[in-house]
Every structure is written in structure tokens, then in C-alpha cells.
Amino acid sequence: MGLIYNEEQQQLQDSAREFLAARSPVAEQRRLRDEAVPEGFSLGIWKEMLELGWGGIAAPEQYGGLEFGFQGFGPVFEEIGRHLSSAPLLSSVVLSASLLESMGSEQQREKLIPELINGQRRLALALDEDCRFRPERVGLKARKDGDYYVLDGKKTWVVDGFGADGWLTVARLEDESLAIFLVDATVERVQVDHLNLVDSRNHAALTFDEVRLPAEAKLPGKDALLALETVLDRGTACLAAELLGMSESLFERTVDYLKTRVQFGVPIGSFQALQHRAARLYVDLQLARSAVLAAFECLNDPEASATERSSLVSLAKWKAGEMAHRVSNEAVQMHGGIGVTDELDVGLYLKRIRVVQVQLGDSDYHCERYAATLR
Amino acid sequence: MGLIYNEEQQQLQDSAREFLAARSPVAEQRRLRDEAVPEGFSLGIWKEMLELGWGGIAAPEQYGGLEFGFQGFGPVFEEIGRHLSSAPLLSSVVLSASLLESMGSEQQREKLIPELINGQRRLALALDEDCRFRPERVGLKARKDGDYYVLDGKKTWVVDGFGADGWLTVARLEDESLAIFLVDATVERVQVDHLNLVDSRNHAALTFDEVRLPAEAKLPGKDALLALETVLDRGTACLAAELLGMSESLFERTVDYLKTRVQFGVPIGSFQALQHRAARLYVDLQLARSAVLAAFECLNDPEASATERSSLVSLAKWKAGEMAHRVSNEAVQMHGGIGVTDELDVGLYLKRIRVVQVQLGDSDYHCERYAATLR
Amino acid sequence: MTDIEQFRLQTREWLEANCPTSMRTPMPIDEMVWGGRNLSFVSEDQRLWFERMRDKGWFVPDWPVGYGGGGLDPQRLAVLESEMRRLRCRPPQINLGIWMLGPVLLEFGTEEQKRELLPPMARGEIRWCQGFSEPNAGSDLASLQTSAREDGDAFIINGTKIWTSYGNMSDWMYALVRTGPKEPKHAGISLIVLDMNSAGVNVEPIDLISGKSSFCQVFFDDVRVPKRQLIGELNGGWPLAKALLQHERRAMSKFSEISLPTHFDLLEYLRRYLPDASSPGEIALQQRAVSCLMEEHAFRLTHRRINETMRARQDASGLMAISKLVHSEQERDKFEVLLDVMGQRALGWSGDGFSERELALTNTWLNSFAQTIAGGSSEVQLNVIAKRVLGLPEAK
Amino acid sequence: MTDIEQFRLQTREWLEANCPTSMRTPMPIDEMVWGGRNLSFVSEDQRLWFERMRDKGWFVPDWPVGYGGGGLDPQRLAVLESEMRRLRCRPPQINLGIWMLGPVLLEFGTEEQKRELLPPMARGEIRWCQGFSEPNAGSDLASLQTSAREDGDAFIINGTKIWTSYGNMSDWMYALVRTGPKEPKHAGISLIVLDMNSAGVNVEPIDLISGKSSFCQVFFDDVRVPKRQLIGELNGGWPLAKALLQHERRAMSKFSEISLPTHFDLLEYLRRYLPDASSPGEIALQQRAVSCLMEEHAFRLTHRRINETMRARQDASGLMAISKLVHSEQERDKFEVLLDVMGQRALGWSGDGFSERELALTNTWLNSFAQTIAGGSSEVQLNVIAKRVLGLPEAK
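Residue numbers (the numbering used here), protein chains in the order written: chain A, 62 to 436; chain B, 62 to 436; chain C, -17 to 378; chain D, -17 to 378.
Please keep in mind that the hints were generated in silico from the structure rather than gathered at the bench. Computed from a predicted structure; not experimentally measured. Built from N, CA and C at the ideal position, the CB exists for glycine as well. The reader is advised that the hints may include incorrect statements.
Partial list, derived from the structure: chain B residues whose beta carbon lies under 8 Å from chain D [said to hold, decoys possible]: (1) 200; (2) 206; (3) 208; (4) 209; (5) 258; (6) 266; (7) 270; (8) 398; (9) 408.
In silico DMTMM-like pairs for lysine to aspartate or glutamate, Cα to Cα no more than 25 Å straight-line [claimed, not checked]: (10) D:369 with A:235; (11) B:320 with D:376; (12) C:369 with B:309; (13) A:320 with D:153; (14) C:369 with D:203; (15) C:167 with D:338; (16) A:202 with C:258; (17) C:167 with C:189; (18) A:215 with C:258; (19) C:369 with A:235; (20) A:172 with A:226; (21) A:320 with C:376; (22) A:215 with A:237; (23) D:38 with D:-13; (24) D:224 with D:177; (25) B:215 with D:334; (26) C:209 with C:98; (27) A:283 with A:391; (28) C:194 with A:89; (29) B:320 with C:334; (30) A:320 with C:122; (31) B:215 with D:264; (32) C:167 with C:122; (33) B:215 with D:297; (34) B:320 with C:376; (35) D:194 with B:403; (36) D:194 with D:165; (37) C:369 with C:297; (38) C:38 with C:-13; (39) D:194 with B:309; (40) D:209 with D:93.
Generate coordinates for the entire structure from the input sequences, incorporating the hints supplied.
The following block contains the structure:
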């Protein structure tokens, strides 16, 4: 690809924008919130997305995917951000299907990936345990007991974990290495609690109380941490694209407001102090866009090293997060009184941006990770 | 005192301002630089300062001081900053006389403090060894050898160290504890190199090559590190006051320029973006002033604990440093092209501010030190 | 003993005898007594303290006795206030009428208006709200559009007011309206008072990004207001509005003195949520949090400096001009750091997954966005500093 | 083989034969050949390369042969440029005359002026400097005050120009002067050229905060300039000035392509001066430095994006509008961090106490302040982004 969208990506973006504007605009997100839909998304719209082929963008043809390449998620997540749309695309496809592809048995891959892609099944990744993202700090224990594993511990901030058909659960084995278990939602002694965050999406806390799983629930692939890193990089890039899309939309709304809102007889956008601040936001937006596109370019490049990948992905999430932070704060401030009312969509963007900033690592985390690639 | 100057302090400030404006204005600093005066100050003006009593502001009456209290140095160093004046008041009086007072023998105190106060003798503190201030990281070694000590190692950034009559040198003993030695300038095997920094003041590097000193050169007081901390806090507060004075003067010049410089037919100070930036500098200046005054109040308070003292002093240096940094950058930028010419005094302030920011600990150092007081 | 000393003694005795001990404790925001038609108390002590002070006329100790006040001279007023502070007495009643409209009525009202409006105010029988801001007139009050058209012995009001605190719980409103549609902006404004029960008044609470709020939007649809409820001259409302805004500033500072907003101590949260920072990112975050604490410390010192400056009768106007800006921005900055420290734990909206304090934190964080906008946005504050304090020329 | 292919082959052969290998290396700033009356070379290769290219007319390959140019059409010009790039040939001569005045003369000059001025320019015999800015006309060029009064067949020039690069080493100047003192600002300006040896011209180098500089202030005291040295119409200089400024932008980017400014790699300095950050303050500093590196990285990617956007023939104007602002501010920010990392070691002015690189760093740091001012200050850049890119209304 490169640092501008190629023709296919452009088409994907156009069709995503058209679809989301029609079927999943910001008003839909407001409806989901006001009606307190527990899944945080609309099942119908999710099916439509999958019919458009979004589930199979990166998946191999043999599992029913389109093999379009990972680059296809860039424009899609940008548009998802722009429309504040909500769907389990990240949790069930980008994270879960990717993880199964690298860690699952051939049997698991053949059965599960097609189901994830076409929406027959929905999985979520259960990784976090702390309030700050630290994928290496896993405390949930998996103890071998004959032919079984016994899982004990807690997971939190499981995105789309409520109502999922199962959770890919990261656990620590007795030898201190990490393993990933496919925990079916029907299994006993898992307690699922809904966590209602400011973005009104689907977040869950899971409590595993001596949960017994058959041995084959453990994904057989080697080096779970390495596989996880690759998969998390993909998810992180998608979140960066979502931040970019949200911020761009919010920025456009703000610039429009500056042009139309009149105070003291002139549009407030004629005040130089606001002009300079808006110009600085534009600068930040452009730098962030370059970083996000570079991350997707790298994820799509089979020759890229793990270091290059984590460097560019962390750069993208860091820069998009910092930028989105500034854009959202300034959007509220520049809208003045009306900016803090729930009536305007500005607040919905602000809240979702804050959640995405934190998910899969905030700025401090990714700055630290980028620094590690410089050694 | 409190957070505004009392009557005596106000008088001290007025007289210092009058004196410095007449005898040591910015032009004098420019002259010292252009003529490359190696001491970086004028001996004549220094004597006049001492005749005004500045040397004895904080010193006990028994040693010829005025016992005015340490609070007297606040207004004096503020004015020194305002006029960019240069004198060994910090090095020889605030640091050296204080250190002798707490660590010297009765004999040393009685002989040396009066001499420092009246200018018969000039000492400098030799502490730094690294490019970042870390008073605890002393590598210069002092080895006991019969009735002698042998000093070996290097010191750098010794303020006013060139041409001094001696250096109070911080060294590490064989048992790893710190000690302070009075090294007379006449002693052999000390090499003095002049370091020409952007502020054109007197900075020296000292090389001790197996320097033999009589045992009594070691100040007899206990716990050199503790004494040093107290003394450094005093010096740090004075530097914060100097930063405050420099910044206030620079800010006033900048606001004047904004009012008088005409571009596109209007004074540039009517551009809202510049107005807001100037207003933010004013805010910073006020917060810094409060912090500096609080530090002096605390230094003057015999009941204040060491923790309170280091907390307030570090706050003052940190805030004054951050503020001075912003004020100096903005002063150059707002003056436009002429701001980067040597003709204007703006550059002289900028350069001196950068040096003072670093001396006795920069913002990172003092933020860390403040944090330690929160434990 | 001088008269004043005697008054102090009597006042102290009376307060000690009449102010219930439970009314000498800090007052949580939901225990404020607002007065008005729908008066209600959460405790018997609260009712007693309200009634005793009311009967002394000490809701408004310095108003003339004839209008229901306590008739105290400035010296005695100061004594009463200092004695109440000494005992930490809660204010027995809180009412915008007393703080804002009352003084303006005393200065600009007709004798008839004073007799009609002040005594119920002084007895806490009417709860007042304010109708200034409009959707298209925020910082720029002079461009307000709510109109009052003359019709016989009444005005007919049409339009809307926004950001009216407790509009839904108030009995009367004082409002700025446009009576002179052709006059230049400042010149066509009048001040009127009206009963919120009047036909055509509709009040809707405003939902904020932080959730439900006490702010309301008030709609006027052909609301009939008798002409005698015009305060001051027709089209002469602007100087009254300025007087009211000055009282507002004083009232705001009084309000912040007596109310106890939920305070979130950054240091406490640092210790709880980031007890041992070990990775470079965590350490950098910790140092950033410390910078934030240092800025707060410098501001607390500045606050003390304002007080000392005023006590020394020196000019504190420059320092006062920065106060609101710094405070509101520091609060916002503090929450930004708290969000970084607490991650998703600072982003809870509701439910058992979060502690009450965590949910309160989210709420306060989201409210902090309003603080840099309401009561003079940061931009307005910066304009004021640039022009009034630094003397920079009017923006071209 | 087409003509063009043949030309490419011949050019390649000629360059390989005539460009000395030492002239195919990156060019340090002090090895630039500026042309002019006081021509001097640091090496024989330099002289050879200069003379050979001059004799081909390839200082100005696309100018007409009649004016001393190479007479190449655009296609052949592109071939020559790409072949020179391929061999990494240094530019044989650098001259503002060629880059800026020449094209304007070709478009606006009289035949006589072209015949007189272009050939010596094309042979590198005259070094040109520029007289635009004045102490009271920086960003606002239209308010320049240097006057040219008519006196018989000459103009008499009085006034001063500032920020003239290498004014003290140049032979001729092209300058904007005010010929119509009564006309509105833009309308009274003319473009003239003059010999710096003329009586009444005085040049003084400007000392900057970083030390000696190549910038000069030029003073005119009753300087007599023949009327035939007026370029374009009397009072018609403004459109020419705009054309010149456009060439200036192109020249600046060409200049930054061929010159090798001393680059300071933050990462390298981090490794050298802060090899093992251990205290919280040092770790926070390190993370701050990493943020700086990340911003630089994002900007490098943006630069690449500009190129890709242009290659795809899409609109890159918004991205180009941010480029100068971001670059100059990132440089300044980088030095701020370097100062924190290196402490006093970054603040050396002269002497053996500092390494050459440390002293160069101080110098470059202090020069970085000029970068956010010169060539369109950051404020001007922000105005341009706000208005041209975002379409915000003119400041009131």
C-alpha cells in the first residue's frame, strides 16, 4: 500500500462510509445507549457488516476469508470511528480469529474461523486483569489436573465479553509460561459481570472459580506471548484508526461550528486565538494519519520485522491517542456551553475516545514500548 | 515574612534596584562579556555590593553579619536577575559562608566568615562532577595519608571558581561518607580551567591530581550531606529568585514590545493569539512568584522541617525554571526577527536563564525531589 | 464596654443558644436549604435553625427592618459574620434572591417593588432563579433575543433562557429581556421579574455529558408579566445587569466557600492505583502526576498570597484575574492525570463494577469540562488578563 | 533511439568525463561556490567543475543560448537534472541571481536589461543578494519604507534593508523600494537592481544570539541608481515581488536539498549523555525524549506521505502548509530536550572545555530560534493553515 489509500482501500472506505452513514450513524449509538442494549451493538447491523465481507478482510481463503490483506481494516475502522459505530469486529474477528489462526489446532481453525467470519459464533479476548494495560502481567492461573485444566482468577475489561459464545482466555501455567484457553460460555463456574463504562459499549468482568476445562481447550500453538503480541499489534492499529476517524469527524464538526457560531457580531472562527488552536489540531491530525497509515502498511508487509511492527504500531496508537485527546478536549471547549450538553454528539465522541485511548495500552505504555524498539 | 514582601524586604528591594540600575545594568553584563573579563564580574561593583551589606544579610552578628534573616536574599536576587547582574554573592556568601557556618570549626568560622562577608576572601563551592546535577553522586576521592588527606578527581561547573581564593570541595572518603575540604587556591597540583558558557559568567573545571592537604583542611562538622542539603536549598532558592527577576523583566520588555511594534497597521499586541499567550505567561509568573516567596518564608522559619524546606525550595526552583523557560522562548518568538539579534538584550536573558535553570538541579531533578517529600 | 463589644457578646450567646450543634458542621451539598414555596428540611435542627434566623431577620442582617431585614450597620454585620464563622454555623438559607436580586432591588427598585418583593425574600418564602444566558448569547450577553413586547399594562415575553440553575425548582425568576428591538444591542435590554407559575413558562432540565444536571432551559411562550414587575427603567437594564453580574461573582465565591464540592486528592489516588511504579511509562506518569501536584501547590500558595495582599491593602486585582482560569484548568488537568493513573477504572458510568467514589470521579471529571466554560470561559479570562491586567490593546 | 535517449546518453558520458569524482560527494556548507567578482575555490576540482559547466551554459541549462544559457527544452532539462542526481554531482555554482532574479527578469525585464544582466549571471560573474525585509516591514512587506526618489535619469535611494544574506559578499542587489509614497501600501512599490559598490551603500553584518551570522543590514544614503535599472513598471513592483517570493520558496527548498545542515541525532545523544537513566527524573526525561523522537518519526512519515500524495497527483497542499511549521518547531523542541539531557554540556560557548560537536550544538540550538521566525514565522504559518486550509474567516 503506502501512506495513502490505494484504489481498493479507497473503495472499501467509500462503501463503509456509505453503509455506516445509512445504517449505523451516531444516532444509532445514542439509541443503543439510551435503550441500554446489553451487548452494546445491534445484532442486525453486525450481520449486515459481515455480509459486506468485513469479517473476512484479512482471513485466508481456505477459512472463508477474502484474503484482501490486513490493510483493509484501516479504512473500515476509520469509518467505524467516524460514525461512532459499534460492532464486535475488533473482538471477534481482528483479535479472536487472528489468535486462533496462529495458535489454534488445524481442527479449531477449520471449524471456528469460518464461524467467526460469518457471525455464527462470537468470541472475545479475556486478557486484562489490571486497570492499566500490561499484557505480560497475567495472574489468572491454569492448573493441570489429569486430563483437565482448572482455571482460577479474574479478567476484566473484556471487550464484547458479555453475551459472547466464548472467551479466549490468557492464563498462566504452573511453569509460569502463558497459555490461551478457549472457554465456552456454557461452561460452569464462570461469572460474567457487565461493566458499564462511559462509552456504553460491551465490557465485561469474568470471574473464574476453579473452572474445569478439557485439555483440548488449551490452544496448542507454541509461544503464546509472541502470538499474542502479533495479534495485539493488529488490534492496536485498528484502535488507532478508530481514534483517527473519530477525531477527524469531531474536528470537522468543530471547524464547522467555528464558522457558523456568531458571538460579538462575528463568527467565533475569526478569533485568531481559536484559529491558531484549530490549526494546531489540524497539524496533529495529519501527523497521526501518517503514523496510522504507516502501521497498516507495516502490518501488511510480510517482510517487516517484529521490531519494526511494534515500533510503528506503538507510534500510531501513541500519536493517535495524544491527538484524539487534544482534539476532543478542544472540541468541547470550542463548542462552549453547548459542548457539555448531552444533546450534542461531541460528548459521545469524547467518551468513546477516552475508552479507546486506554484500550490495549495508553500513551505512556506505547511510548515505553516504542522506546524499547530503539535499544 | 509571608507571601508578600514586608517593609524591610521592600526597602531592600528598592535600594537594590536603584543600585543595580545605576551601577550594574544589563549593559554592564554586555561589557563584561565583550571584554571577556575572566572573573565574569566587576570587582569594584562587588565591593560596592558588600558595602551595602549584602554579604551580611543572613550571617550572625558575631561574625560581622546583620542577622537580617535569610528572607533578605529574596528581593536582592530578584533584582540581580532583573538587571542580569553578576557577582559572587551566591558562590562566596550564600553557599560558602553558610557551609562554613554549619561545618567549619569555631576557628574557621571566626576567621573566614567575616572575610567572606567583607570580600577580603572569595570562596567557591566545588561539588558537581557530572553534566546533570546529582549532589549525592560524588566521585572525587579523599584518601587519608598520615596527617594528610590526598584528593584525586575532577570537579566541574564550579561557579565563580576561576580566580577564587579557595574552593570548598566535596569529596568521598574511604568509608564512602562525604566530607568537605577547604582547598586553598595556592595549593599545588590543582588545575583550574575556565569554562566559557553562554552566559559568559565565571565557571571553572578543577582537576585534583593527588593534591595533599593538611588534616585541618577537612571541615570538622558532622554529616556533610545533611549540611550540604541545607546550604544547597538556600542557594537553590536564590537561583529561583534570580529566575523570577529575569523573567519578570523579560516579560515586561515583551509586553512593551507588543504594545509598540506595529505590523499590518496595528500593534501586534492586538492579535488575540499573542494576547492569550502573553496572558498565560503572566499566570505562570504569578504562580512562580508565590512559590519563590514561600520558599524564602520557609528558609527563614526556624521551625520548618527539612521535608517542608526541600518541598518548598524544589517547588520554587521547578516552577520558576519552567516559567522562565516559557517566558524566554516566547520573548524571543514574540520579538520576531529582532529577537534573535545580539543587539537586543532578550538573548542575554535567554542564555542566562538556561544556565540558571540547570544550576543546582533542573526541573526533572526538583520534580523528583519534591516527589520524594510526598512519601 | 462599647456598644459593639456588647453586641458581640449578645450575638455569641444567642448563637450558642440557638444554633443546633448539628448545624455547626460542614454542609454537604444536599443539605443546603434553599428556601421557597416548597420548603423542606432533612432534620428538625435544620428547621429550627432556619426559623430562628428568619425570625431575627438574619437571613439578611444588613437589610432595613422595614423590608424584613435585621437592620444591622456594617460594623455589627461584620461582628455577626465573624461570630458565625467562629462557631462554624451553616448558612441557614441559600437564595439567589438574597445574594443577587435583593441588593439590586434595594438600589434600583421602586418603593412599591421593595415592599412587595423584599419581605418574602427576607423570610425565605420565595426561591429565585436567574434568566440571563441564551443559546445565542453566552459570553456575549448583549445579543440576547428573548423579547418583551408591551401590551397594555403588561409585557408579553417570548424566547428562551438557558443554563438557569434549578429553574425547575424555583418560584420566581429575574430575567434580562429585549424591550427595544431597534435600539443598539446594549440599549434595548430591560430587567424584569416573573412568577415561574405564569402561564406559558416551561422548564426543561438539561442533560449534560456528565448526566442529569441542575441546569435548565426555560421557554417563554406569550408569557404575560405585569408592567410593575419591570425593575429600573424601560431599556435601562444594562447597568442593572452589570450590577447583578458583580453580585454574581461575589455570590459564586460565597457559594464555593460554603459548599463542599467532592474533592479528589490526586496524591491519594496515586498511592492507591499506582502504588509501585516500576516500568518507565509508569514512572513517567508518576512524575507527570507530581508536576500536577506542584502546580496545585503553587496555586494554593497564590491563593494565600491573594489574601495576604488584600490584608495588606495592596492591589490584588491581577492575581484575582487569574484565579478562576487557573483553578478550572488545574482541575481539568488533574482529572486527565487521574484518568491515566486509573485507566478504565476512571471511566465507569454506573453499576456495581465500580466503587461509588470511582463513579463520582467520572462524574466530577466530566463536569470539570463545564468549569472552563461556565462563569466566564477560559478564553474570556485570557482576554481580561490581556486587556485589563497587561494593558494590551483591543483586538483589531 | 529517440533524440531524448541520445541526449541522455551524451549527457551521461559528458558528466562522467567532466565531473571530478570529488565533486560527486555531499557538499559541506563551506564548500559551496557562490560565483561573483571575488570568485575563489578550495580545490582545483571545484574550479574545473565550475568552468566546465559554465562553458556549457549549464549553470542555467534552460535559459536561451542568447542570454548565456544552455537552451535546453523542459524534457532535456529534466534529463540533465536526473543524470546529475544519478551521479550525485554537486551544483557547480549557487547564486540567488540564477534562482530568483533571473526568472523574473526573463519574464518582466526589457530586452536591454536581459542582454545586460543575464549573461554575466549565467557565467557566475556576479553574486546577487536580496533587499526585501526592513526593520519595520517583516511579515508585512507592503509597509516597507526604503524610498527611491526620481532625480533626472536616476533614482536616489534612502533607507535600510535587513536580513540580507551575505550582503557583505555580494556584488549586486535586487531590492524593493517605495517609489510612490502617496499610493496605498502595495501600489507604491518598485523593483530595482543596483551595484553594491555604488556610493552611499553600507553593509553591516548582524550579530545573532548564536554569534556571527551571514545576515547583514544594508544602509542606503542617497544612493544614485540609473533609471534603466528599474525592473518592470514604476510602482508596479508588487506582482514582481510576489513572483520573486514564489521563486524564493522554491530556492529555499532547493537550498535545503543541496546543503548539509549539521544534524543532531537525539537518539545518539541520549545514548551518550544519558546511557543509564535510573532516577525517576532521568527516566521521565528519557520518556520525554522518546516522545520527541516519536513526533519526529511521525513527521518523517508525513514527509513521505506528501511525496506519495503528489506522485498520485492528489492534493497535498494542506500537508505542505504544515511542513515548515512542524519542522522548525520540532527542531526547537529537540534542542530543548537535548539541553535537558546534556545540562551545561549543551551550553558551552567557546573554549577547550567543550568538544567541537558540543559547541556546534549550542550554535545550532540558538539558531533554531530563528527557524520559527524566518521564512514565515510560526504565527504566519498558523494563519495560513487556519485560513487557506481550514477556510476559517478572516480575523476580525
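Hint by hint, here is what the structure shows:
| no. | hint | in the structure |
| --- | --- | --- |
| 1 | 200 | violated (15 Å) |
| 2 | 206 | violated (30 Å) |
| 3 | 208 | violated (35 Å) |
| 4 | 209 | violated (30 Å) |
| 5 | 258 | holds (5 Å) |
| 6 | 266 | holds (6 Å) |
| 7 | 270 | violated (17 Å) |
| 8 | 398 | holds (5 Å) |
| 9 | 408 | holds (3 Å) |
| 10 | D:369 with A:235 | violated (63 Å) |
| 11 | B:320 with D:376 | holds (22 Å) |
| 12 | C:369 with B:309 | holds (18 Å) |
| 13 | A:320 with D:153 | violated (50 Å) |
| 14 | C:369 with D:203 | violated (41 Å) |
| 15 | C:167 with D:338 | violated (66 Å) |
| 16 | A:202 with C:258 | holds (23 Å) |
| 17 | C:167 with C:189 | violated (31 Å) |
| 18 | A:215 with C:258 | holds (21 Å) |
| 19 | C:369 with A:235 | violated (69 Å) |
| 20 | A:172 with A:226 | holds (14 Å) |
| 21 | A:320 with C:376 | holds (22 Å) |
| 22 | A:215 with A:237 | holds (17 Å) |
| 23 | D:38 with D:-13 | holds (19 Å) |
| 24 | D:224 with D:177 | holds (23 Å) |
| 25 | B:215 with D:334 | holds (16 Å) |
| 26 | C:209 with C:98 | holds (14 Å) |
| 27 | A:283 with A:391 | violated (46 Å) |
| 28 | C:194 with A:89 | holds (21 Å) |
| 29 | B:320 with C:334 | violated (58 Å) |
| 30 | A:320 with C:122 | holds (17 Å) |
| 31 | B:215 with D:264 | holds (23 Å) |
| 32 | C:167 with C:122 | holds (10 Å) |
| 33 | B:215 with D:297 | violated (59 Å) |
| 34 | B:320 with C:376 | holds (11 Å) |
| 35 | D:194 with B:403 | holds (9 Å) |
| 36 | D:194 with D:165 | violated (39 Å) |
| 37 | C:369 with C:297 | holds (17 Å) |
| 38 | C:38 with C:-13 | holds (19 Å) |
| 39 | D:194 with B:309 | violated (28 Å) |
| 40 | D:209 with D:93 | holds (15 Å) |
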